[in-house]
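Participant: For reference, the chains in residue letters:
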Amino acid sequence: MVNEPVIQISGAAYEHHGETIFRDVNLCVEPGVILAITGPNGAGKTTLIKCLVGIIPWAKGQIDFRITPDDISYVPQKWTGDSVFPLRTGEVLAMGLRAVTPDAELRGGFDLDRLERRAFTGLSVGQQKKVLLVRALERRPRLLVLDEPFAGLDAGSCQYLIKRLSAMASGGGSVLMASHESPYQEALGARVFEMSDGHAGAGSPATSS
Amino acid sequence: MESLFKNPSMTYLFTALGGGLLFCVVASVISPWVVLRRLSYATDALAHATFGGIALGLFLGMGDVSDPSGVWKLLATSLAFSVVISQLLALLMRLPFLSQDAATGIVYAGAFAMGGIFLSLKRDASYGHTNLESLLFGNILLLNIFEIRILAILAVLSVLGAWFQRRALQLWAFDSDLALAEGVRTGLLHYSLIGAVALVTVVTTKFLGLMMVMAFLVIPGSVGLMIGRSMRSIYLISWLFSSVCLVTGLLLIATRFPDVPAGSLTTAVGFIFFILLVMLRLAFGRRRKMPEEPAP
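Quick note, the sequences are listed as chains A and B, same order. So that you can map any letter, position 55 of the first sequence is 55 in this note's numbering, and since no number is skipped, the others follow by simple counting. In short: position in the second sequence from 1, add 209, done, that's this note's numbering.
A couple of the hints might just be wrong.
As the list claims (entries may be wrong) - Label-pair restraints from in silico Cβ distances:
| no. | chain 1 | residue 1 | chain 2 | residue 2 | range |
| --- | --- | --- | --- | --- | --- |
| 1 | A | Gly61 | B | Ala318 | 40 to 46 angstroms |
| 2 | B | Gly319 | A | Glu186 | 54 to 60 angstroms |
| 3 | A | Arg117 | B | Arg465 | 56 to 62 angstroms |
| 4 | A | Gly11 | B | Ser439 | 42 to 48 angstroms |
| 5 | B | Val365 | A | Leu97 | 20 to 26 angstroms |
| 6 | A | Asp113 | B | Pro305 | 51 to 57 angstroms |
| 7 | B | Phe466 | A | Asp103 | 55 to 61 angstroms |
What the hints assert, rightly or not - Derived list of chain B stretches under chain A, where covered just means 3 residues or more per stretch with a C-beta under 8 angstroms from a C-beta of chain A:
| no. | stretch |
| --- | --- |
| 8 | 374 to 382 |
| 9 | 387 to 398 |
| 10 | 435 to 442 |
Honestly, the hints are just simulated from the structure, not real lab data. Just so it is clear, CB atoms sit at the ideal spot from N, CA and C, and this is done for glycine as well.
From just these sequences and the hints, can you work out the full model?
Facilitator: Shown next as structure tokens:
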């Protein structure tokens, strides 16, 4: 009962303009598990992530969520919002359907403590990514869904992210991420779910030597 | 200036000021979301759809332009027409194979064309252009107490709606994918916002005139977003800007240009102030930039 999956997906598929992006996806994510979805460009990793968090609808398949949207936090590969919205970084961190308690250690770990009064749209792509990661982690989700979380981050931030994701998994939280970065997957002890050419392979433990 | 406040014939200006300031509350609450969700053109379309609704009311025999009670029946028909048109527009804007801009242009043309057809089918001597124009396009200087009460209700509804949905609206405007992932009902917000714009444009076009409504639902929000750095400051700047434009416009009418249409003058003031602010922003924007973080 303790290890009941937070998400279980059977036979999921997605098509765009009649073209199959992925099919036959079967995966489940249990509490305390870090699952890395890997595969070449165009394999459908980001589409799968977007389907999972409800941004785009599945074409078919059975998806069993044991958690509510409030238990899920999502961080896209890159922020694609409107640069006309001139909010301070502090406002972006506080944004969400419910109020959250700021985590000073987390913000300090990602060097965000001095950026809170700066306009979010004026930050670099890497800094924006760190803001979105901190915002997602501060919501204390049961499932954290990340699209290429290490892309655009400096080395120190990557190490700090590994530390925080590992701590989250140790505490029973689950992480599902699309990632190309196998060294980070190994450092996290992530299970790997390989996708290629619209097909999804079976999950297998990441190799760690 | 002293004579202005003592002159009883100028009391209509104070009525206009009261009603106008209430409209400024509505505009400052709605216009930032109109700008952020790129609905400026849709606002124009919905304001013009009022014509189609009034013409439909005339065609269906809902009322007569010359009869005050008929005017309200026509306005109700227009409201129903605009709400239907707004929801059709909202639906088309969500289609992945159609740009929002194209969807708006198509609905704009269609609603306006329907108005022309309904009117031509029903045209007779009682529906002269002058009457129809007065029904379609109001004048802030002719506001009455009943209309001010309606504006007050709209202001309260706008503020309450924005307050109760503040977290969802902010996340939706910041990043709609993120909002969807976190359980925000973005579709409902989309239909509701466009429906609210339709409601506001129909009612206020009748009271204040097409031009002022189109301008005040876009310019204050643009100024708020240009200067503000938090939702609170964006709302406040939008409200201050729209109020300053209104007061300046009314003062110009009272002191210099009594024969110039109030809607045109107030809109022109808003436009000139907006351009001045843009020039100031371009000239001094760099100085406003927040300080760089110190080097480690």
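Participant: Now tell me if each hint is right for this structure.
Facilitator: Against the structure, the hints come out as follows:
One distance hint, 40 to 46 angstroms for the beta-carbon pair Gly61 (chain A) and Ala318 (chain B), holds here, with the actual separation near 41 angstroms. Distance hint check for Gly319 (chain B) and Glu186 (chain A): the Cβ-Cβ separation is about 59 angstroms, which falls inside the suggested range of 54 to 60 angstroms. Take Arg117 (chain A) and Arg465 (chain B): their Cβ atoms lie about 43 angstroms apart, and the range 56 to 62 angstroms is violated. Roughly 46 angstroms separates the CB atoms of Gly11 (chain A) and Ser439 (chain B), a value that falls within the hinted 42 to 48 angstroms.
Between Val365 (chain B) and Leu97 (chain A) the Cβ separation comes to about 24 angstroms, which falls inside the hinted range of 20 to 26 angstroms. Under the hint 51 to 57 angstroms, the C-beta atoms of Asp113 (chain A) and Pro305 (chain B), about 41 angstroms apart, miss the expected range. Remark: the range hint 55 to 61 angstroms for Phe466 (chain B) to Asp103 (chain A) is upheld by a beta-carbon distance near 58 angstroms. For the stretch 374 to 382 of chain B, the proposed coverage by chain A is satisfied: 5 residues have a C-beta within less than 8 angstroms of a C-beta in that chain, meeting the threshold of three.
Figure legend: the stretch 387 to 398 of chain B, annotated as covered by chain A; annotation consistent (6 residues with Cβ-Cβ distances under 8 angstroms, at least 3 required). Three residues within the 8 angstroms Cβ limit are the bar, and the stretch 435 to 442 of chain B against chain A gives 5, so the coverage statement holds.
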